[in-house]
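Peer 1: Here's the letter readout for the chains.
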Amino acid sequence: MDLSSINPILLLASLMVAATPILLAALGELVSERAGVLNLGVEGMMITGAICGFAIAVETGSPVVGFAAAAAGGALLSLLFALLTQLALANQVASGLALTLFGLGLSALLGQSYVGIRPPATAKLDIPLLGDIPVLGPVLFSHDWMVYFGLALTLAVWAALKYSRAGLILRAVGENHDAAHALGYNVVGVRILAILFGGACAGLGGAYLSLVRVPQWTEGMTAGAGWIALALVVFASWKAGRVLLGAYLFGGVTVLQLNLQAAGVDIPVEYLSMSPYLITILVLVILSADRSRAPGSLGRIFHASR
Amino acid sequence: MTFTRLLTGAALALGMATTAIAEDKTKVGFIYVGPIGDGGYTYEHNQGRLAVEEHFGDKVETVYQESVPEGADAERAITQMALQGADLIFTTSFGFMDATVNTAKKFPKVKFEHATGYKRADNLSTYSARFYEGRSVLGVIAGHMTKTNKIGYIGSYPIPEVIRGINAAYIEAKKVNPDVEFNIIWAYTWFDPAKEADAATALIEQGNDVILQHTDSTAPSAAAKAKGDVITFGQASDMAEYKPEPRVSSIIDNWGPYYIERVQAVMDGTWESTDTWAGIDDGMVVIGEITGPVPDDVKQEALAMRDAIASGEYHPFTGPLNKQDGSEWLKEGETADDATLLGMNFYVEGIKGDIPQ
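Chains A and B, in that order, give the protein sequences. The letter at position 169 of the first sequence is residue 169 when you use our numbering, and the numbering goes up by one with no holes. So the number in our numbering is just where the residue sits in the second sequence, counting from 1, plus 1000.
Bear in mind the hints are in silico, worked out from the structure with no lab data behind them. Just so you know, even glycine gets a beta-carbon here, dropped at the ideal spot from N, CA and C. Hints may contain errors.
Here are the computed lysine-lysine pairs in the DSBU-like style, where the Cα-Cα straight-line distance is at most 30 Å [stated by the list, open to error]:
# : chain 1 : residue 1 : chain 2 : residue 2
1 : B       : Lys-1147  : A       : Lys-124
2 : A       : Lys-124   : B       : Lys-1243
3 : B       : Lys-1175  : B       : Lys-1352
Not everything, but these chain B residues come out facing chain A in the computed CB check (under 8 Å) [stated by the list, open to error]:
# : residue
4 : Asp-1198
5 : Ala-1199
6 : Ala-1222
7 : Glu-1241
8 : Pro-1356
Construct the complete structure from the given sequences, taking the supplied hints into account.
Peer 2: Structure (C-alpha cells):
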C-alpha cells in the first residue's frame, strides 16, 4: 500500500469533474419532478445531448456552441415526451422508458461519423489571482467553466424554487394540479416548460461527458449515468442542495475508490466498487429523515375536465 | 383461450413461413456485449460478421443484437434469436456462457458458438483467441517505454482471461526492466467510457506513464491524450484514431476468418462441436502497427517476440516462473499447459495486490 502516491489536490479536482454530468442531469429532473412529471428518459436525453454537443462542437470548433446545441437537442427530445404525456395523456413511465430507448438508438445513428474524433478543448477558467492560491487554487479555481455553471445552476434552481413566484407556481402544479388549475394556472404549459428544462439540463450533462470528461464520442457512453441521476433526485428528497451533495459524494467516492485501487490499498475491490452507491444512498437517506416527501401529483396525468 | 390459441397458431404458421422462405439462406446470429461502435471488442466481432456477409453474399443472412447485458436477459436475447430461425449463433462475451448453455439445450438443432468460455455441448462450440500472446509483445514495449517504472493496468473483471493478460504483460515488462511495477484497477465493467477514462486519469495522476487496458472502449486513450506524455495500447481493435500516440501499438482480434470457416461448415453440414483457441500463428491475434515515440530497437525487439511466439519457438509462459506467494509454478524451460492457463487465478511473483475473489 502506498497512499502517498495519491495526490489529494488532484483527487479533489477530478471529483468535481466526475460529479458534473450527473449533477446537471439530476437538477433538470428535479425541476421536472417538482412540477409533477416523472420523466424516466434522462438516459436517452443525456446521450442525445452527448452526441449533439459533440457533433456541433467538432463542426464549429467551439465547445460553447456545442453545449448550446446539446441543451437544444436534449430539450427537443424531451418535447416528444411532453407531447406524449401532456397532450396525448400517455403513461409517463412507459413514455419515459421509450424515450431512453429512442435516445440511445438516435444517438448511435447520429454519431456514426463521429467515432474516434477528438473534440475541441473546453476552455479552463484561469482566474489570475485565485488560481494561484496554494491547495485551494487548483482544487476550486482551475476548472472548465461548465463545472461552475453546474454550481451556479444549483443555486439558481434552489433560489427559483424557494423564493420566486414562478417557482411557487411550479411547486403548486406539482403538489396538486387540480388546485393549481382551479386557481387559473396553466398546468400543462408549466409542465411542458419544466420538461423542456429537464431535457436541456440532461443534454448538457451528456455533452459534459463527451466533450470534457472522456472526451470522445462512443455509442452508449452514458452507460447508466442517467439512471443514477434519477435515483439521486429521489434520495435527495427533491431538494437542489442535496442533489449537489449527492452528486459530489457519488463523484468523489467513485474517483477515490479508483485511486485507492491504483495505490494498492488493502480493501477488497468489491467493497471499493460498490462504495459510491452505498455511501451516497446512506448519507442521503439519513438526511431525508426529516419527513420530506415526493411532490403530491408526481407521475399523475392531468386532464382539465376531471 | 381460443383467441390465444389462434394467436399461437398464427405465430407458428408465420414462423414456419419465414423459415420456408429463408431455407436456402443460412441465418447467422451474433450477440454482442457492447455497442458495435465501441471502437474495440464488439467493433471487431462486428467486423467479423461483415466479413461473413461479404464472403457469402446472398447465401447468408446475418442478424445481431448489441449491448446485451451479461445476466438473465442474455438468455432471452439468445432464445429470441433462435426462435427467429438462426442456424448458427455466436455469443461473443464470457458472461453469456450459462445463458448460451441453457439455450443450446432448448434448441438442439441450432448450432451455438460461445466466445472465451469453457462449457461445450453437442451443438455448442467454444472459441477464443490467445490474447495473452499479444500481451507479451505489448509487455516488451511497456517495460522499455516507462520512465517512471510504473505501469497502469485497467482490468475489467477478475476472470482467468484478464489475469492471464496481466501476467503475460508483467513477465515480459519485468524482463526488460527489473524495476517495473504494475498498478491494477478493476473497473468491473467491459464498457463504460466515463469510468474507463476516470480509471486512466487516476492511474496517470499517480505517476503511471504507460496504460494497458482490458476494457473495450477507446476512453483510456482519450484520457491519456488529454493528459499528455502517456502511452496506451489499442485493445481488441487497432484504435488507429489514436495513432501515432498515445496509442503506440495494439492487439487486434481478427475473427473474420474463423466466422467464415464455421458458417461454411454449417452450410456443408460438417459443423461439429469444437474447442478453438488460436493465437498469433493462426492470425486470430494480430499486433497493430508500432508507432510514435517507440525507438526502432524496441520495435524490433517486440516484433522478434511476436515472430518467436508465432513460430512456436517461444511460449509466453516459460519457466522458471513462481506464483505470487513465491511457490514454484514452472521449472526452468517448462511451459504452461492450456488447462492451467484457462483456469488461471493467480498472479506471478512480483505483482502486488490481491485478485478479487
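Peer 1: Each hint: holds or not?
Peer 2: Evaluation of the provided hints:
no. : hint                    : result
1   : Lys-1147/B - Lys-124/A  : holds (29 Å)
2   : Lys-124/A - Lys-1243/B  : holds (26 Å)
3   : Lys-1175/B - Lys-1352/B : holds (17 Å)
4   : Asp-1198                : holds (6 Å)
5   : Ala-1199                : holds (5 Å)
6   : Ala-1222                : holds (4 Å)
7   : Glu-1241                : holds (3 Å)
8   : Pro-1356                : holds (4 Å)
Checked against the numbered hints above, the structure breaks none of them.
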